[in-house]
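A.B. asks: Residues per chain are reported as follows:
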Amino acid sequence: MFQLDSLTSKIVLYSTLVLMVLFAFFPIYWMAITSFKSSGEVIQSPPTFYPHNFTLEHYITAITDQNLLTYLKNSLIVAGLTSLLSVIISSYAAYSFSKYRYSGRKSLMGLVLSAQLFPKAVLLITLYLMMQRLGLIDTYPALILSFTTFTLPLTTWMLKSYFDEIPKEVLESAYIDGASRLQMLHQIALPLTMPGLIATALFAFIRGWNDFIFALTLTSSDAMRTLPPGLTLSYLGQFESSWAGMMAASLITSIPVIVLFILLQRYLIKGLMAGAVD
Amino acid sequence: MFKNVSKLIRGEGLSDAQFGVLLVLPALSILATIILYPLLNSVILGFFDASLLSGREGWVGIQQFVELLQSPRFHETLINTVIFVGGATLLSFVLGFALALVLNQNLRGRGFLRGSFILPWITPGVVASFLWMWIFHQHYGVVNSVLSQLGIIDGPIAWLSSSGWAMVSVIIAKSWKSFPWFMVLLLAGLQTIPDQEIEAARIDGAGKIQIFRYIIIPHIRFIIFVVTLLGAIWNFQHFQIIWIMTEGGPAHTTTTLAIEVYQTAFQAWDLGKAGAIGLIWMVILTIFILVYLRLSGGVEDVSA
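Those protein sequences? They're chains A and B, same order as listed. For the first sequence, our numbering assigns the number 311 to the last residue and increments by one with no breaks. For the second sequence, our numbering assigns the number 305 to the last residue and increments by one with no breaks.
Among the hints, a few may not be true.
[Said to hold, decoys possible] Partial pick of chain B residues on the chain A-facing surface, computed with a CB cut under 8 Å:
hint : residue
1    : G14
2    : I36
3    : P39
4    : N42
5    : G88
6    : L92
7    : V95
8    : L96
9    : W133
10   : V144
11   : W177
12   : I218
13   : H220
14   : I234
For the record, the hints were derived by calculation from the structure and aren't laboratory data. We treat Cβ as the ideally placed atom computed from N, Cα and C, and that holds for glycine.
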């Protein structure tokens with residue numbers, strides 16, 4: 034875009050890049066090295082910029098901590114089922130938005146898109162009352178249903194953009210071959226969008242994995258907590274936190290989403306536009 | 002009877018339009034149950050005296066709204082919200098845009114850099130909060146240590162527990178997490194600008210700043226607008242980083258609308274008042290959403 038001709042523009046360019054690299058990655062580097070320092074070295078002043086006494090003790094403490102393992106299991110179950118449920122339900126809606134025309138369709142699409150912009154804290158007032166009345170507080174169904182409020186709009190919108198890519202002719206030739214409308218969806222459209230379906234499911238999983246406010250409010254026991262509220266309550270509840278332990282647990286929590294993300298790189302823009310944010 | 006039901010599910014005997022509606026029904030009924038109804042019910046609670054323990058009691062009309070709009074504490078919350086939304090949106094936009102301009106150059110390893118810079122954005126919010134709390138720690142934090150070694154500060158700053166600095170800290174943490182989102186979308190926008198146009202302008206003698214001002218900005222004006230507005234809407238309802246880092250404190254200085262609703266509903270158990278705040282919030286948000294839908298040219302083109 035700009036020619037890298039003058040020295041000045043090179044200096045501006047590379048110093049911006051260096052500053053941004055520092056800002057983006059230093060915190061992650063700091064988290065990683067803190068987790069490998071001994072408890073004494075962590076509170077040394079001035080701090081050391083690499084671990085002088087390298088130790089894995091905080092990781093051993095973390096993975097043998099029964100609570101942390103429970104949170105991890107809950108996060109996997111809840112994020113996994115939320116993702117599955119929303120992809121199944123939204124694939125029908127997305128297919129309909131993409132391939133059928135009826136009055137009110139655009140308003141419905143607008144409604145679905147806007148739904149994820151509504152404040153969670155406000156929804157939560159009534160969701161809490163509903164779950165309480167149904168006796169679902171502190172259960173998986175409460176978490177899965179409430180997580181669906183933010184995954185369903187995301188998955189519907191993302192899947193619609195994948196169905197949009199299927200040419201009409203493909204479906205038409207199936208129709209001529211005598212397929213019913215539901216068969217066209219199940220046997221042709223869905224298999225064709227399989228990579229998109231998987232990407233969409235993984236984006237929904239990541240958002241479920243990261244949710245905080247619903248899981249914090251709708252659970253009341255350690256046995257049902259997911260990682261974000263679980264970590265917050267166990268590490269910030271104590272008088273003086275174990276920072277190294279906190280950083281080790283943080284790293285463990287981040288790894289699944291980072292791995293998923295590396296796999297998802299090429300679907301990124303679609304996910305971002307559909308609202309896979311926050 | 003059952004034969005008819007299965008026929009209906011398969012969509013036989015329905016027109017295409019009817020079949021389309023049938024496919025949307027499951028998603029729609031779920032959205033209605035877990036989003037539309039809760040939203041309406043929550044804001045309607047604003048007209049009632051309601052608590053988590055005793056449920057909905059008496060109709061109090063607009064009393065709670067009047068109280069809120071007259072309360073200095075609520076004014077502070079609104080101002081905090083504006084500072085947080087404005088600060089975090091502006092900072093992440095500036096960082097994301099600067100980086101997008103850099104990565105739009107022919108640098109070696111550009112693809113790798115673009116991918117790596119996503120990392121802060123995918124870091125779970127709880128982790129982002131923890132690591133910035135640690136970095137800003139008053140006694141053992143690296144920021145205070147570096148600043149005092151450079152002689153910029155005399156004593157440690159209590160980043161998270163002094164008014165003013167606490168807001169700065171949460172804005173920095175939130176911007177760290179969201180600048181990659183701005184970067185990716187703005188970079189996608191920058192890549193749609195045809196090289197020939199810039200080349201032609203250069204041949205005509207346009208300088209870098211002129212190219213930026215008259216070619217780049219007009220080309221991506223729309224994406225800048227959408228990204229900023231959506232970013233602001235997300236920040237508007239952001240809860241997690243603030244709650245974990247400061248719980249809205251010290252002395253209410255980082256309490257935004259999201260924190261206020263949560264505290265009112267789930268710590269003070271005053272659902273009526275929380276609903277009233279929710280309604281005021283929804284009014285402000287609706288203006289944002291209408292502008293967004295209006296300017297994104299109908300919803301059809303948004304995902305393209």
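A.B. asks: Now look at each hint and say whether the structure bears it out.
C.D. replies: Evaluated hints:
no. : hint : in the structure
1   : G14  : violated, 11 Å
2   : I36  : holds, 5 Å
3   : P39  : holds, 4 Å
4   : N42  : holds, 4 Å
5   : G88  : violated, 16 Å
6   : L92  : violated, 11 Å
7   : V95  : violated, 11 Å
8   : L96  : holds, 7 Å
9   : W133 : holds, 7 Å
10  : V144 : violated, 10 Å
11  : W177 : holds, 7 Å
12  : I218 : violated, 13 Å
13  : H220 : violated, 11 Å
14  : I234 : holds, 5 Å
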